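K.L.:
Whole structure, please, built from the sequences with the hints as guidance.
Per my numbering, residue 501 is the first one in the sequence shown, and the count goes up by one each step.
No lab work stands behind these hints, which were simulated from the structure alone.
The structure displayed is predicted, hence computed values, not measured ones.
Ideal Cβ positions, reconstructed from N, Cα and C, are used throughout, including at glycine.
Among the hints, erroneous ones may be present.
In silico DMTMM-like links for lysine to aspartate or glutamate, alpha-carbon gap of 20 Å or less [to be verified]: (1) Lys788 <-> Asp754; (2) Lys788 <-> Glu776; (3) Lys788 <-> Asp825; (4) Lys788 <-> Asp832; (5) Lys788 <-> Asp824; (6) Lys788 <-> Asp839.
Restraint ranges, calculated between C-beta atoms of paired labels, are given here [as the list claims (entries may be wrong)]: (7) Ile538 <-> Asp732: 33 to 43 Å; (8) Asn690 <-> Asn635: 32 to 42 Å; (9) Arg572 <-> Glu755: 31 to 41 Å; (10) Gly679 <-> Pro625: 10 to 20 Å.
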Amino acid sequence: MEPLHEQTPPHTIDLSLWRERAARIHTLQHRGRVVQVIGLTIEAEGITPQLGELCWIHGADAPIAAEVVGFRRSHTLLMPLGDMAGVQPGSPVVATRSLFQAPVGPSLLGRVLDGLGNPIDSAGPLFPEAHVPLNHNAPPPLERQPIRTPLATGVRAIDGLLTVGKGQRMGIFAGSGVGKSSLLGMIARNTSADVNVIALIGERGREVRDFIEESLGPEGLARSVIVVSTSDVAPLIRIKGAWVATAIAEYFRDEMGLDVNFMMDSVTRFAMAQREVGLAVGEPPAMKAYPPSVFTMLPRLMERTGAGVRGAITAFYTVLVEGDDFNEPISDTVRGILDGHLI
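P.N.:
Written out as structure tokens, the structure is:
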């Protein structure tokens, strides 16, 4: 009797990724309808979404993306991520059962993104390594590396007199038109950090290209990721731009162990955007009409930068000082959160 030949097992396919994707597919649509539009908010009924969930509003033209920002009795408060033209009473609202996620990965280097993480340059589509949620906890205090190593910014006045350490968070306080953006471009072009992540929040549209081509230059852009939310976009997109840029910087620090130079221009316009959202959903105004959510959101945003378990995010936040008053609410709050400041 001839010996049985060993049979090689057939080639198998790993279906774990597809099972994970299939588990996230919702076969049932949760639909409601628009009942009221007041200012920046759209009220809908018939859906029970979670806070921060993405929804689609089917207006007269193309569908409009919106995010759940609050609830009023049995109604859901939505804020569109763009123009709300075409929305009318009774327009269908579809809840997606998913939260917004940001693209991350080294393939984003050299790219310019909008506040939602979509490319706005001419370099083609993005191929990110992963997508991560915007809401993320800051590194635990006892797991942060101590700040011991200086970071060269390439600006002699800062390196010689006001040395910045890797993992520090610095504020740049100044009035309008005195060169905050030019200083950020100098730091991004000459810093010794591995990667730059730059968030331009509420900037003038004409300044974006000047910053990229003149202040940053081709060498600085090649190792940078730029997130742009100009002043004319919806306030929710301006807010998202800051969170998207922070999530991208966290990926380079936590997953790749790199030293990241994070710059945000400006915190004041980020706070103004949150003021628009907060007042629109009915928050009570506090100091200079800023609602309480602004002062809750600022430490949540800034505590996510700094030193981590492996790498470090050295952060520079610009603050637009209104009327040269360094004790106005945003300047005073930011100064108490950050590790130091330049005036």
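K.L.:
Determine for every hint whether it applies to the structure shown.
P.N.:
Going down the list of hints, with the structure as the test:
no.: 1; hint: Lys788 <-> Asp754; in the structure: violated, 37 Å
no.: 2; hint: Lys788 <-> Glu776; in the structure: holds, 12 Å
no.: 3; hint: Lys788 <-> Asp825; in the structure: holds, 13 Å
no.: 4; hint: Lys788 <-> Asp832; in the structure: holds, 13 Å
no.: 5; hint: Lys788 <-> Asp824; in the structure: holds, 15 Å
no.: 6; hint: Lys788 <-> Asp839; in the structure: violated, 25 Å
no.: 7; hint: Ile538 <-> Asp732: 33 to 43 Å; in the structure: violated, 21 Å
no.: 8; hint: Asn690 <-> Asn635: 32 to 42 Å; in the structure: holds, 34 Å
no.: 9; hint: Arg572 <-> Glu755: 31 to 41 Å; in the structure: holds, 39 Å
no.: 10; hint: Gly679 <-> Pro625: 10 to 20 Å; in the structure: violated, 35 Å
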